[in-house]
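Undergrad: Chain by chain, the residues run as shown.
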Amino acid sequence: MEIGLTTDMLQFLFMGIQRGAIYAMVAMGFNMIYNATGIINFAQGEFVVLGGLMMVSMTMALNLSLVFAFMVSVAFVTVVGILMERLTINPVRRPTVLRLIIITIAVSILLKGAAMCFWGKGSHYMRHFTDAPPLEIMGAYILPQTLWIIGMLALVVIGYVAFFNYTMTGKCMRACAINRDAARLAGINDRRMVMLSFALSAAIGAIAGIIITPIIQMDYARGALLGLKGFGAAVVGGLGNSMGAVVAGLLLGIIEAGSGGYISSHYMDAIALVIMLGVLFVRPGGLFGSSEMVRLKEF
Amino acid sequence: MAARDIIGFCILIALVLVMPHAVGNDYYIGVLIFAAFNCLACIGLSLLMGYAGQISLGHGAFIAIGAYASGLLTTELGWSPWTAMAAGAFAAMGIAFIVGIPALRLKGHYLAMATLGFASIIHIVAVAATDITGGPAGVLNIPRLSLFGYRLDSDTRYYYFAWTAVVIGLYLAFNLIHSRVGRGLRAIHGSEDAAGAAGINTAAYKVQVFVVSAAYASVSGSLYAYYVNYIDPGPFDVMHSVLLVTMVAVGGLHHVWGAVVGAVLLSLLPEVLSFTAGYLQVIGIQYRPDYDILVYGGILLVIMLFLPEGLFAGMIAGGKSVWNLVKRVIRGKQVVRE
Amino acid sequence: MSGNNSILQLDGLRKVFGGVVALDGLCLSVGENTITSVIGPNGAGKTTVFNLITGYLAPSSGAMIYKNTRLQGTKPHKIALLGIGRTFQNVRTFPDMTVLENVMVGRHARSRAGVTVSALLPAFLRPEEKRIQAEAGSWLDFVGLADAADMPAGSLPLGKQRMLEVARALAIEPDLLLLDEPASGLNSRETIAMGDLIHRIRENRITVMLVEHDMELVMEVSDRVAVMNFGRLVAEGTPREVQEDPEVIAAYLGE
Numbered sequence: 266m267e268i269g270l271t272t273d274m275l276q277f278l279f280m281g282i283q284r285g286a287i288y289a290m291v292a293m294g295f296n297m298i299y300n301a302t303g304i305i306n307f308a309q310g311e312f313v314v315l316g317g318l319m320m321v322s323m324t325m326a327l328n329l330s331l332v333f334a335f336m337v338s339v340a341f342v343t344v345v346g347i348l349m350e351r352l353t354i355n356p357v358r359r360p361t362v363l364r365l366i367i368i369t370i371a372v373s374i375l376l377k378g379a380a381m382c383f384w385g386k387g388s389h390y391m392r393h394f395t396d397a398p399p400l401e402i403m404g405a406y407i408l409p410q411t412l413w414i415i416g417m418l419a420l421v422v423i424g425y426v427a428f429f430n431y432t433m434t435g436k437c438m439r440a441c442a443i444n445r446d447a448a449r450l451a452g453i454n455d456r457r458m459v460m461l462s463f464a465l466s467a468a469i470g471a472i473a474g475i476i477i478t479p480i481i482q483m484d485y486a487r488g489a490l491l492g493l494k495g496f497g498a499a500v501v502g503g504l505g506n507s508m509g510a511v512v513a514g515l516l517l518g519i520i521e522a523g524s525g526g527y528i529s530s531h532y533m534d535a536i537a538l539v540i541m542l543g544v545l546f547v548r549p550g551g552l553f554g555s556s557e558m559v560r561l562k563e564f
Numbered sequence: 040m041a042a043r044d045i046i047g048f049c050i051l052i053a054l055v056l057v058m059p060h061a062v063g064n065d066y067y068i069g070v071l072i073f074a075a076f077n078c079l080a081c082i083g084l085s086l087l088m089g090y091a092g093q094i095s096l097g098h099g100a101f102i103a104i105g106a107y108a109s110g111l112l113t114t115e116l117g118w119s120p121w122t123a124m125a126a127g128a129f130a131a132m133g134i135a136f137i138v139g140i141p142a143l144r145l146k147g148h149y150l151a152m153a154t155l156g157f158a159s160i161i162h163i164v165a166v167a168a169t170d171i172t173g174g175p176a177g178v179l180n181i182p183r184l185s186l187f188g189y190r191l192d193s194d195t196r197y198y199y200f201a202w203t204a205v206v207i208g209l210y211l212a213f214n215l216i217h218s219r220v221g222r223g224l225r226a227i228h229g230s231e232d233a234a235g236a237a238g239i240n241t242a243a244y245k246v247q248v249f250v251v252s253a254a255y256a257s258v259s260g261s262l263y264a265y266y267v268n269y270i271d272p273g274p275f276d277v278m279h280s281v282l283l284v285t286m287v288a289v290g291g292l293h294h295v296w297g298a299v300v301g302a303v304l305l306s307l308l309p310e311v312l313s314f315t316a317g318y319l320q321v322i323g324i325q326y327r328p329d330y331d332i333l334v335y336g337g338i339l340l341v342i343m344l345f346l347p348e349g350l351f352a353g354m355i356a357g358g359k360s361v362w363n364l365v366k367r368v369i370r371g372k373q374v375v376r377e
Numbered sequence: 017m018s019g020n021n022s023i024l025q026l027d028g029l030r031k032v033f034g035g036v037v038a039l040d041g042l043c044l045s046v047g048e049n050t051i052t053s054v055i056g057p058n059g060a061g062k063t064t065v066f067n068l069i070t071g072y073l074a075p076s077s078g079a080m081i082y083k084n085t086r087l088q089g090t091k092p093h094k095i096a097l098l099g100i101g102r103t104f105q106n107v108r109t110f111p112d113m114t115v116l117e118n119v120m121v122g123r124h125a126r127s128r129a130g131v132t133v134s135a136l137l138p139a140f141l142r143p144e145e146k147r148i149q150a151e152a153g154s155w156l157d158f159v160g161l162a163d164a165a166d167m168p169a170g171s172l173p174l175g176k177q178r179m180l181e182v183a184r185a186l187a188i189e190p191d192l193l194l195l196d197e198p199a200s201g202l203n204s205r206e207t208i209a210m211g212d213l214i215h216r217i218r219e220n221r222i223t224v225m226l227v228e229h230d231m232e233l234v235m236e237v238s239d240r241v242a243v244m245n246f247g248r249l250v251a252e253g254t255p256r257e258v259q260e261d262p263e264v265i266a267a268y269l270g271e
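Residue numbers (this note's numbering), protein chains in the order written: chain E, 266 to 564; chain W, 40 to 377; chain D, 17 to 271.
Here chain E stands alone, though its shape is the one from the complex (with noise of 0.2 Å):
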């Protein structure tokens, strides 16, 4: 009895974070842009959806390599981010947040039209990228597709570290965020740096898409919910905050995991949801903000 119970909680624990990766880097994404913009950018799920899509059909339709399919799908929806940010943000002045909040959404809801257009309503099957069977650890089974998650979050989350700490650009991108003002007065672009931010935000999207696709086969709605869960897990990690992110999304995705096992599958949809707004009404901050930063922040 209680090493089937072990065995199920290791189960869930695997369903949980092969969730909490997608939505550990959806959040990154958010925080890309919010660090950026103070926007949040409603069409962030839908960046998802894009790469999940366009990697289907570079794999199961045109047979490409996974390598090559792989890059090709990155490099479309940072496209489509950039131009995002180059026709629909760069263009407004004297922005008030209401109105750039319905322009997100607008797009959101352009891509959407758009992903229903080309690639129908349907839900669409692509392979995994091993083919091997699924591992068993103490009774419970991994899949292969799972390692590989937890694989390109760990890379993903190597790649944001470097790319913030070590590199010009990524240093600039933080000044930007920290104060937007002084670091234009130090000659930093900062308007390239939110079309930046667009790009690498629309990337770290498609790149969770594409590895979430063989499981949960993709189709064009899937955006919103993915989006409103990855946003849960960047408040519950505090926005802005990317590790913290990274670790909220994962707790996120084991407690869905755990309560659709435990309690109800049926509404185990909305547990991530209700702790989002849990933590939005109590602790808006987030969990791992110190409560100093958190009361100078305009929620």
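Be aware that a few hints might be false.
Stated by the list, open to error - Covered, in the sense of this in silico footprint (three residues per stretch, anywhere, with C-beta under 8 Å from a C-beta of chain W), are these stretches of chain E:
hint, region
1, 286-298
2, 412-418
Unchecked claim - As a list, the in silico BS3-like pairs of lysine-lysine whose alpha-carbon atoms are at most 27 Å apart:
hint, chain 1, residue 1, chain 2, residue 2
3, D, K94, D, K146
4, D, K83, D, K94
5, D, K83, W, K146
6, D, K91, W, K146
Stated by the list, open to error - Below, a sample of chain W positions facing chain E; criterion: calculated Cβ distance under 8 Å:
hint, residue
7, I94
8, H148
9, A151
10, F157
11, V164
12, V284
13, A288
14, D329
15, Y335
16, P347
Because the hints were derived from the structure by calculation, they are not lab data. Since the model is a prediction, treat every value here as computed from it, not as a measurement. Quick reminder that beta carbons are idealized off the backbone N, C-alpha and C, glycines included.
Given chain E, work out where chains W and D should sit, using these hints.
TA: Coordinates of chains W and D only, in the frame set by chain E:
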């Protein structure tokens, strides 16, 4: 009520009376009835967004609450449709109150996401709580409304009824705007600090207008349920909440009339598109209804980028410049005569 | 001239932002029906005092007593209802509303209509609405803005916006009015008008407390002047006393 609002009312009532004779087809009358439901919800949302400056991406949830309260209380408990509608409105207001107190302490993006999350939760519950809501199968055989012994069973009757509800909703909204409360809301939009210094309890006012707008949405949901006689969670997804916001934004945030214009135009849009599809086919473009969503997103984006005040403000400005042009032409002629 | 009764008493008021001490145990008493100016170099904590009194910030420690009521922990709108009005350093009029409507918002504190009544009855059936309009109009008259009543507030020049803010604050019928740099950005003619207005406000038995950098205005209107530096009270007295105080001179001319 300002003079131009009274003119607006006259135009609206005239249009409402003329339209059934102009379209003369039950299908299009049905479309106009749906436009009325959207109008009602958007009027409430406009009070919240345009006047108090608070966004909600969760009003689809209040429509759902109204619709399900009406559907379930009439079919399961045999309540009269009117009582059920009132109960739904009170339920929506109660939930808006409970959610609004913590949610409206948030601003901008945070508030948008919190309300979106709320709407999403309500939708998930509507699908998952099969023993209460019927789940995806929904609620069947919801009765029709009766008014003073008249059963509102023809589309034309329901059309007049629904648009009367819109006119009443507008009347209440305009009274509210041109009152102490309305000024308080606009003051909050202008500067929360200054509003507080004038003795306005900003937190309470935001919750109050949220509650009022939830009541509008709930009544709109009830009217919908009594019209289609069948509800399932489908129409109450997150996208519906988003569509309501786009209607208000396209019409114009700064005026209730904007909400009316936006709701009517975007409700009619699919019909307009399928109508033009025939012409497009002539010039060789195959238009599918699937493209509707693209047109929809495109319109919203273009308006937000180039006409952020919305279509209504654009119409007013356009009308004014035409009028000025006419005046100049007339005056020019006079000069020539002299 | 200055009453012996104090209307406002600040006792050991302290405010710390992060690690920065903005106010360091400020003690100050404001006499009823006086004009008291708070002056001091930039960053001395003057505006912080106003924000504490009106509830926009919570003090780290210390007490604020207004007419036997403790102010700490009270929300801004409640403080307005207690009879403390204020203006803001960077003007906060409601730009999209008309000038008259701006002042009508000020009458909010002294009227009652709630959501239900407001929604059901049109404006012309509500006597209170007419009263609010008339009272707001008379306050506009008082500050000399009656001509501009129907203009959008955002279209007024800065000087008139400051007057409008004062009218809005007066409309709540305060017993104590806090003016945060009322003359900042005004030309000399407008500054004289503002000084005249402050005198007339006091004639209406309203106690005025102002933060101001324009020394000419301060010395002309004030009964009492409080000088602050580094979050502390450096000197307090009549304008003449303060002007001759060596510590004040040191604070202003720098060590």
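Undergrad: Take the hints in turn and mark each one as holding or not.
TA: Hint-by-hint comparison with the structure:
1. 286-298: Result for this restraint: violated, n = 0.
2. 412-418: violated (count 0)
3. K94/D <-> K146/D: Distance ~25 Å between K94/D and K146/D Cα, so the pair holds.
4. K83/D <-> K94/D: Given pair K83/D, K94/D holds - Cα atoms ~14 Å apart, limit 27 Å.
5. K83/D <-> K146/W: Distance of about 35 Å is beyond 27 Å: violated.
6. K91/D <-> K146/W: holds (19 Å)
7. I94: Interface hint status for I94/W: holds (6 Å vs cutoff 8 Å).
8. H148: Hint holds; H148/W Cβ to chain E Cβ min 4 Å, cut 8 Å.
9. A151: holds (5 Å)
10. F157: Holds - the Cβ of F157/W comes within 8 Å of chain E, reaching about 7 Å at its closest.
11. V164: holds (7 Å)
12. V284: Status holds, d = 7 Å.
13. A288: Holds - the Cβ of A288/W comes within 8 Å of chain E, reaching about 5 Å at its closest.
14. D329: Given a least distance of 5 Å, the restraint on D329/W holds.
15. Y335: holds (6 Å)
16. P347: holds (5 Å)
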